[in-house]
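So the chains spell out like this:
Number of protein chains: 4
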Amino acid sequence: MNQKLRVGLLGAGRIGKLHGENLAHAVPNVELYAIADPFINDDIRQWAQELGIPQCYEDPQKIFEDPTIDAVFICSSTKTHADFIQRAAAAGKHIFCEKPIDTDLKKIKKAIEQVEKSNVKMQVGFVRRFDHNHKMVHDTVASGVLGKPHMIKVTSRDPDHQSMDYIKVSGGIFLDMTIHDFDMVRYLAGSEVVEVMAYGAALSGAGYEQYGDIDTAVVTMKFENGALGVIDNSRAAHYGYDQRTEVHCDKGCVQVANDLNDMSMISTAEGVQIAKPTWFFLERYNNAFIAEAQAFTDAVLFDKPIPVTGFDGLQPVKIAYAAEKSLKEGRPVKLKEIG
Amino acid sequence: MNQKLRVGLLGAGRIGKLHGENLAHAVPNVELYAIADPFINDDIRQWAQELGIPQCYEDPQKIFEDPTIDAVFICSSTKTHADFIQRAAAAGKHIFCEKPIDTDLKKIKKAIEQVEKSNVKMQVGFVRRFDHNHKMVHDTVASGVLGKPHMIKVTSRDPDHQSMDYIKVSGGIFLDMTIHDFDMVRYLAGSEVVEVMAYGAALSGAGYEQYGDIDTAVVTMKFENGALGVIDNSRAAHYGYDQRTEVHCDKGCVQVANDLNDMSMISTAEGVQIAKPTWFFLERYNNAFIAEAQAFTDAVLFDKPIPVTGFDGLQPVKIAYAAEKSLKEGRPVKLKEIG
Amino acid sequence: MNQKLRVGLLGAGRIGKLHGENLAHAVPNVELYAIADPFINDDIRQWAQELGIPQCYEDPQKIFEDPTIDAVFICSSTKTHADFIQRAAAAGKHIFCEKPIDTDLKKIKKAIEQVEKSNVKMQVGFVRRFDHNHKMVHDTVASGVLGKPHMIKVTSRDPDHQSMDYIKVSGGIFLDMTIHDFDMVRYLAGSEVVEVMAYGAALSGAGYEQYGDIDTAVVTMKFENGALGVIDNSRAAHYGYDQRTEVHCDKGCVQVANDLNDMSMISTAEGVQIAKPTWFFLERYNNAFIAEAQAFTDAVLFDKPIPVTGFDGLQPVKIAYAAEKSLKEGRPVKLKEIG
Amino acid sequence: MNQKLRVGLLGAGRIGKLHGENLAHAVPNVELYAIADPFINDDIRQWAQELGIPQCYEDPQKIFEDPTIDAVFICSSTKTHADFIQRAAAAGKHIFCEKPIDTDLKKIKKAIEQVEKSNVKMQVGFVRRFDHNHKMVHDTVASGVLGKPHMIKVTSRDPDHQSMDYIKVSGGIFLDMTIHDFDMVRYLAGSEVVEVMAYGAALSGAGYEQYGDIDTAVVTMKFENGALGVIDNSRAAHYGYDQRTEVHCDKGCVQVANDLNDMSMISTAEGVQIAKPTWFFLERYNNAFIAEAQAFTDAVLFDKPIPVTGFDGLQPVKIAYAAEKSLKEGRPVKLKEIG
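Protein chains in written order, with our numbering: chain A, 448 to 786; chain B, 448 to 786; chain C, 448 to 786; chain D, 448 to 786.
If we strip away everything but chain A, and leave its shape as in the complex, we get (with noise of 0.2 Å):
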């Protein structure tokens, strides 16, 4: 391999854009050479001259027939994941995915099955992971100084409503929004989740119920190493993207707070103002989207473990359904009932 990672992005929507600037700026050892999308048009095109891109494609298939192509980042729609997986790993490709590999378990195991053959490397994108402050809950956990974690705490609550057209083929809120909670909580408890109850409403008037969805949730579940945890989420927040975690250890209590817009403080005689969280997740996720890419990157052209695996994929959306199960049958659901 060269010194550079050469890659070809696949999909140039708003999440494959985010991923190609971070990849042609902001991360060393990458030559983002070729994307390629369906939709591919002027625009496309110019912001891939902007960026220095050489290639510029509407079919996939030139991605993964150029041999000099080293990586590839899925960043299409989540239907063309798996398909893209098998065909990335089968021409030799590292696999950067963005989440969820897919909705269905086979194939999301069928993509994992592949991976595995073809002895690339594959990393989901379970960004959060890489924020400064989720990661710093993590490390110290990891650490061991403040012994056996007892309780694992997510909040996530997203700023706004999704539009009811987004909520209608959004899969629900476990498999949409919570996913990443899911995640979270293995990351931060090293241990698997075994069982979940799910409690959950639509509360807010905005109409999730006619789609059979909810916008608020809360989440337990017991993890393998005797953990317990929680999650609880809202669509809608209102005051920005409320994005907590706390881990209670033998020891003490590790926790973080949201990130604000600054750190001002107005203090006047009507009360006391400070800024609010930042607004969604490109403010506060912003650099742990180039983390994530820098991670991808060292694992490859340095051969180190990836540090979000197939496997890290597959678990959230097995969660995810029997949250589901759980909500829908008013009762706790082990995840061995799942898949």
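Calculated from the structure, these hints are not laboratory results. Please read all numbers here as calculations on a predicted model, not as lab measurements. Worth double-checking, as some hints may not be accurate.
No copy labels: a pair is met if it fits in one copy or bridges any two.
Here are the simulated EDC-like cross-link-like pairs (lysine to aspartate or glutamate), alpha carbons at most 20 Å apart as the crow flies [to be verified]:
(1) 553 <-> 623
(2) 775 <-> 642
(3) 783 <-> 671
(4) 564 <-> 505
(5) 554 <-> 497
(6) 556 <-> 530
(7) 698 <-> 512
(8) 595 <-> 717
(9) 772 <-> 642
(10) 595 <-> 656
(11) 582 <-> 730
(12) 582 <-> 693
(13) 451 <-> 490
(14) 564 <-> 639
Please build the complex by placing chains B, C and D on the supplied structure of chain A, with the hints as guidance.
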């Protein structure tokens, strides 16, 4: 009734003395006139003298039969509460009773019935409702400025393990410790709990499991108004008394952090240190105990509604039994299954 | 001396009553035996009765000549302090005197001399030294863990304007308000002020300038130990009592923020609001007043050193005069130019 | 002019590279076309190639004489700034110049005159004005919601000592370090400094005194609008880059705390630890550097006012000289005494 409320104090243990000192010094319009304690001794007599309490008895009956006494503070051992309530109510005395009224639901109900029949007022000692922090959360929610409550969260961790001798007879974490939090979620939600799911484990290594007890719990619940709730407990936070509450509503979130020993920050090359939370309930709820006694006094003297009623004393015990049942049977339990 | 300190209280105005209540209820080992106030009336007599104070006088001489009284609390108007100190000391009584001892340096010195001659103890009421926050800063610096102090910073802002009637006779901001901060910087630096430079202005529009006074001040100073200091004052913060201290040292910095009304945070689309600082000195320094009286009592009963001496009462007055001179003459003024 | 601003970069040292990378990647509408550095070498050429900079020169004249270049970024050593400004302006190029323009007031004035004569725009690199925190303070004050400013406070402490080799030639703390704060107080006050009083000392033991320099300073000042100001400096905070600003106004106060490495809190029996401030200016003002280059680009391309003018570059140097004079002569110095 006099302009001052003449009070008899039943029980001069730790909590009795605490109330006694507040009644003597910090609550205007109260005359602390008598105490009764079956273990009365010279120390207690001297303590009473210093507070200027004229009468010291061994037998509580002396207080019940004194027609000049308007109200009693029942601070004796839990098993005496229901009986003392009955006798005090029958004697026409208003009653402040430490929590819990009893652990037997039937006895609680009978005590409440007697109070109603006797047309006296009774307040139960869920002191946390009078804490400036939790009250701020409650009042904000109750004011309606944030719209309807969606999610009620309570973190409640004791600073350190009780002795195993205590645990052995404590009645279990839900009746002994979480009971305060069951009251708190009702208070914050402004609604009744209808279903509970409890997870719990003995993780600390301190030995709770040998008494069938746990040291770590996560309890989720549904409220009549549709809101969801979660309580997390630990018997040993180690860093102090961790008492945080949070309510997420239609339009945003109100939450409170812990009171700290001071507002200091020490910054060096080694790190930045801030103060620990206050150590335990005596430090944290010091002013709340005064406010609670004040509220009772005002309710009686000025015929205002009692802020924490007999029914408020009953419900947390029912929720605690539901949580116990849930933990044992590994399933959500409806409140109507209890009692 | 008795096991309890028998105290006579001189002056039953706002600050006298505050000390009286603390002595009666919150400070063990004190017997508040008598009060004297030239304006004694039924209200004061009733207040005294409620506190259980046996003797109420119009004439302070009754207290000075009562051989059973061990100590006096001088809480009368400033112009009486020096005389009362003389008479109390001559009568062999230990003295707690509210600040300032006097505004006349000669009178202060004479009072101190009498105290020394009479071999009694005298504590001056610089109450902020007993605040948990400022004490934390002092103790950290004094412990030496941060090395030598380099810079002492005090922010001290009153919540709102005093009436102009008050300002007219206040003696000016430095003697009336900054005097507390002059004591604070000495306390925190552990060293004497040697030079002062004062800037000040009447910026609020409330009318201080018509009495030759100012509402905003920034005073810098040099200490004997080489450290530098700065105090900033405002007569009207509007958001509460702003009382922050900070010391930067060899190895880092210790600072304290304000006590707040509660630890709440309310987050909505409109913004994030936290609680305001406590409103004024009664709220902020409530516990400090108790600790100060306790310290005096302990110093007398157990013959421990007085924490705030007559010399500590003298120095801030000298610094205040130096600051006044600096402001008037537009130049730094050395302490040795004063008195 | 093109739709893109074609820029030549003068100087490819640490600060030049920082600007170069921002211009190449983070600022839209810029074409970084050429660099010139008298010490150009293979490393710089490779760096330029990676950024896609077409031209690399040793001689800056190549940039001045290239008619296709619209603007220059002067990031060379301070002693070259004034000359480069003259030449760039004469060649009709817009100028971004790192601070300070020069340390010689006459040279600064001549450079500004040339800029005015040539009718080009010039922005001086006081980057802190573009920091999200300080900008929040400025914007709040400038909006008028708090009324007139009364007091401007700046805390500015470097994380650790520079080498004594650096200090020897630094020009002294006021010209080297406090100059940023002199700009900041003008920016926050919205008014000119009219008088300065400086206290300073070498307290750290690192040896500043051997070069006639100091490591600790407290500088107070008066503004034309009547407000008062204070800056406190330390060369070695040890805990990170301490950069706080605060303005107290008619109706209240706006202040900003430091950006922290993360929002974590770790609580154990030993204490509660939060994150340290970001280490130094590269971490703290990273985004501010981008915003500053963006502001310059926008000002030129869209003919908007320059946010930091030549006059803004001149004034802090004058204030620095006034502070130096004040420290030497032990008296307040008026700005009009300088230059």
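So, going through the hints one by one against the coordinates:
no., hint, result
1, 553 <-> 623, "within (18 Å within a copy, 47 Å between copies)"
2, 775 <-> 642, "both (15 Å within a copy, 15 Å between copies)"
3, 783 <-> 671, "within (12 Å within a copy, 32 Å between copies)"
4, 564 <-> 505, "neither (28 Å within a copy, 54 Å between copies)"
5, 554 <-> 497, "neither (36 Å within a copy, 40 Å between copies)"
6, 556 <-> 530, "within (12 Å within a copy, 65 Å between copies)"
7, 698 <-> 512, "neither (54 Å within a copy, 52 Å between copies)"
8, 595 <-> 717, "between (45 Å within a copy, 17 Å between copies)"
9, 772 <-> 642, "both (11 Å within a copy, 18 Å between copies)"
10, 595 <-> 656, "between (40 Å within a copy, 17 Å between copies)"
11, 582 <-> 730, "both (17 Å within a copy, 18 Å between copies)"
12, 582 <-> 693, "within (11 Å within a copy, 24 Å between copies)"
13, 451 <-> 490, "between (27 Å within a copy, 18 Å between copies)"
14, 564 <-> 639, "neither (25 Å within a copy, 56 Å between copies)"
Hint compliance for this structure: hints 4, 5, 7 and 14 are broken, all remaining hints hold.
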